[in-house]
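Number of protein chains: 2
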Amino acid sequence: MNFISFLKHQLKTLIIGYRFMQVVEAPYGAFSKIGKYADVLMDQQGMQLLIEHLSCTSEGKQALAERRYLGKVDLDALYQLPPNTLGHLYAAHMKQNGLVPPPVREPAPNDYVYLFNYISETHDIWHIVTGSDTTKAGELQIETFSLAQFYPARFWIALLAKNFLKTALFEIELCEELMAAVVRGWIMGRRAKPLFGIPWQEHWETPIDQIRAELNIDSVLSADMEAVLTKSATNAPASSAFEANDSLSVVTLVS
Amino acid sequence: MNFISFLKHQLKTLIIGYRFMQVVEAPYGAFSKIGKYADVLMDQQGMQLLIEHLSCTSEGKQALAERRYLGKVDLDALYQLPPNTLGHLYAAHMKQNGLVPPPVREPAPNDYVYLFNYISETHDIWHIVTGSDTTKAGELQIETFSLAQFYPARFWIALLAKNFLKTALFEIELCEELMAAVVRGWIMGRRAKPLFGIPWQEHWETPIDQIRAELNIDSVLSADMEAVLTKSATNAPASSAFEANDSLSVVTLVS
Chain A
375 MNFISFLKHQ LKTLIIGYRF MQVVEAPYGA FSKIGKYADV LMDQQGMQLL
425 IEHLSCTSEG KQALAERRYL GKVDLDALYQ LPPNTLGHLY AAHMKQNGLV
475 PPPVREPAPN DYVYLFNYIS ETHDIWHIVT GSDTTKAGEL QIETFSLAQF
525 YPARFWIALL AKNFLKTALF EIELCEELMA AVVRGWIMGR RAKPLFGIPW
575 QEHWETPIDQ IRAELNIDSV LSADMEAVLT KSATNAPASS AFEANDSLSV
625 VTLVS
Chain B
375 MNFISFLKHQ LKTLIIGYRF MQVVEAPYGA FSKIGKYADV LMDQQGMQLL
425 IEHLSCTSEG KQALAERRYL GKVDLDALYQ LPPNTLGHLY AAHMKQNGLV
475 PPPVREPAPN DYVYLFNYIS ETHDIWHIVT GSDTTKAGEL QIETFSLAQF
525 YPARFWIALL AKNFLKTALF EIELCEELMA AVVRGWIMGR RAKPLFGIPW
575 QEHWETPIDQ IRAELNIDSV LSADMEAVLT KSATNAPASS AFEANDSLSV
625 VTLVS
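Here the protein sequences come in this chain order: A and B. Just remember that my numbering sits 374 ahead of the position in the first sequence, which is counted from 1. Just remember that my numbering sits 374 ahead of the position in the second sequence, which is counted from 1.
FYI, nobody ran anything at the bench for these hints, they're computed from the structure. A couple of the hints might just be wrong.
Since copy identity is lost for identical chains, a pair holds within one copy or between any two.
[As the list claims (entries may be wrong)] With a straight-line Cα cutoff of 27 Å, these simulated DSS-like cross-link-like pairs (lysine-lysine) come out:
{"#": "1", "residue 1": "Lys382", "residue 2": "Lys407"}
{"#": "2", "residue 1": "Lys386", "residue 2": "Lys605"}
{"#": "3", "residue 1": "Lys469", "residue 2": "Lys435"}
{"#": "4", "residue 1": "Lys386", "residue 2": "Lys407"}
{"#": "5", "residue 1": "Lys407", "residue 2": "Lys605"}
{"#": "6", "residue 1": "Lys469", "residue 2": "Lys510"}
{"#": "7", "residue 1": "Lys567", "residue 2": "Lys382"}
{"#": "8", "residue 1": "Lys435", "residue 2": "Lys510"}
{"#": "9", "residue 1": "Lys446", "residue 2": "Lys382"}
{"#": "10", "residue 1": "Lys407", "residue 2": "Lys567"}
{"#": "11", "residue 1": "Lys567", "residue 2": "Lys605"}
{"#": "12", "residue 1": "Lys605", "residue 2": "Lys435"}
{"#": "13", "residue 1": "Lys510", "residue 2": "Lys407"}
{"#": "14", "residue 1": "Lys435", "residue 2": "Lys382"}
{"#": "15", "residue 1": "Lys386", "residue 2": "Lys510"}
{"#": "16", "residue 1": "Lys386", "residue 2": "Lys435"}
{"#": "17", "residue 1": "Lys446", "residue 2": "Lys567"}
{"#": "18", "residue 1": "Lys435", "residue 2": "Lys446"}
{"#": "19", "residue 1": "Lys605", "residue 2": "Lys382"}
{"#": "20", "residue 1": "Lys407", "residue 2": "Lys469"}
{"#": "21", "residue 1": "Lys567", "residue 2": "Lys435"}
Let's have the full structure, built from the sequences with the hints guiding it.
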């Protein structure tokens, strides 16, 4: 590595560390900071690998070729659909969480922007399809499900890294629950058929059970696995936010 | 939060970010850097929670009360034991990996130093007992096993965070294998009886199968789970180290 490459590498490391800590400190779902973090993580080669994988299905290939978005989403109309349909459940989820439907977008200038927008606008549909709630555990379940489906993507694994350090520093009491979600999401995402490229706007009226059966999505694992994942190892502490000024020291022993 | 607390918090965040990126960039097993990272992560309250959990078994309680170490370990003598014993397998592992036995230590001044040293000196025994090899996947399997056993510990989950970002940046081609190890280690660690405090020096001559049976350690999951974890989603790329100067940009779309 020559000197200029070395400096570039050092600068990149600093930027990644800085943006990493920014997302670690930000609340879940801080999309602007996550976007900046994604930018510094995704590279051309990584994108190429991901695109190749997503093109393996005809629906994925077509979505990429057309850079197809959801288009206009009318939550009030979807809410009127029967209660067991994707459309109704999605509209109810959006309303309950105070979310607005995704904007009708201009064509994306490249695959990266397309995929970023695609993930943003289908994320809440994936919540419904995978049966993941909006707790932190639910978000982690979607993340590992997404990591398995958008594979390989530096972004998703780096997002997990962020959530793990966040858990370590600020919410260690959630650790068991989050690890169960990580395991469950990964297994569900590996078992499921590829979701990327499915034109959800053509399936609003489909019963959710039918969609899950067709996509091989089942959030319940074997009884043995469920027992392992859900037992509690300890009484959850009421609060365990990391204290700024009571670090311990062992370095003199290992330096 | 007053101004001084705010400054302390900001400084702590910077230090964590800096040490985090240092371990992200360091090779696996860089104990000195990991020690500095651990120091900035462990706090009194977190230690208290961990100690309470580790004291649940009589062996754990005793180990903590006596701050008991392995003592002198003679690898040549252990190597002479029958091939299926813990002692022989441990000695063979140490020799094959060019490792020296842990030093005979002075009594630890506090629980934190004791636990750090305890984990250092039993780590390679846990490799044998859990059947984890010394590949990166094997190390991650031990990490999640350890997270389940030393619970709750900010350190282990933060170490996972480090390895996830490392994977994202430098070895995305290992992602499937590492995720399988994360899942397997967590499940194994939750299923197993508590290992902390077992006086391994009294079990060198015990056959490894007997130890695993007594501790309920089995690295093979159900056939269904094994199929999900080990299938390959994509052709592994030959190399995918993160390039320093070809980032992509989406932030203008989400800012």
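Quick rundown of the hints versus the structure:
For the identical chains of this complex, Lys382 and Lys407 are neighbours both inside a copy (22 Å) and across copies (23 Å), given an alpha-carbon limit of 27 Å. With identical chains, the CA atoms of Lys386 and Lys605 are never at most 27 Å apart, being 42 Å at best within one copy and 34 Å at best between copies. For the homomeric pair Lys469 and Lys435, neither the shortest alpha-carbon distance inside one copy (32 Å) nor that between copies (51 Å) is at most 27 Å. Taking the shortest Cα distances, Lys386 and Lys407 sit within 27 Å of each other both inside one copy (17 Å) and across copies (20 Å).
Taking the shortest Cα distances, Lys407 and Lys605 never come within 27 Å of each other, neither inside one copy (35 Å) nor across copies (34 Å). Within a single copy, Lys469 and Lys510 get their C-alpha atoms as close as 19 Å, which meets the 27 Å cut-off; across copies the closest is 44 Å, which misses it. Proximity of Lys567 to Lys382 under the C-alpha cut-off of 27 Å is found in neither arrangement, the shortest distances being 40 Å within a copy and 48 Å between copies. Taking the closest pair of Cα atoms, Lys435 and Lys510 never come within 27 Å of each other, the shortest separation being 32 Å inside a single copy and 34 Å across copies.
In this homomeric assembly, Lys446 and Lys382 never come within 27 Å of each other (Cα to Cα): the closest approach is 43 Å inside a single copy and 48 Å across copies. Neither within a single protomer nor between protomers do Lys407 and Lys567 lie at most 27 Å apart by alpha-carbon distance, with minima of 31 Å and 42 Å respectively. Taking the shortest alpha-carbon separations for Lys567 and Lys605, only the inter-copy value of 14 Å comes in at or below 27 Å, while the best intra-copy value is 29 Å. Taking identical chains as interchangeable, the C-alpha atoms of Lys605 and Lys435 lie at most 27 Å apart only when they sit on different chains, with a minimum of 22 Å there against 42 Å within one chain.
Taking identical chains as interchangeable, the C-alpha atoms of Lys510 and Lys407 lie at most 27 Å apart only when both belong to the same chain, with a minimum of 18 Å there against 30 Å between chains. In this assembly of identical chains, Lys435 and Lys382 lie within 27 Å of each other by CA distance neither inside one copy nor across copies; the values are 35 Å within and 51 Å between. For the identical chains of this complex, Lys386 and Lys510 are inter-copy neighbours only, at 24 Å across copies versus 29 Å inside a copy, given an alpha-carbon limit of 27 Å. Taking the shortest Cα distances, Lys386 and Lys435 never come within 27 Å of each other, neither inside one copy (33 Å) nor across copies (46 Å).
Taking the shortest alpha-carbon separations for Lys446 and Lys567, only the intra-copy value of 26 Å comes in at or below 27 Å, while the best inter-copy value is 54 Å. For a Cα distance limit of 27 Å, the shortest separation of Lys435 from Lys446 inside one copy, 22 Å, qualifies, whereas the shortest one across copies, 62 Å, does not. Taking CA atoms no more than 27 Å apart as the test, Lys605 paired with Lys382 passes in neither setting, with 47 Å inside one copy and 37 Å between copies. Taking the shortest Cα distances, Lys407 and Lys469 sit within 27 Å of each other inside one copy (24 Å), while across copies they are farther apart (47 Å).
Within a single copy, Lys567 and Lys435 get their C-alpha atoms as close as 15 Å, which meets the 27 Å cut-off; across copies the closest is 48 Å, which misses it.
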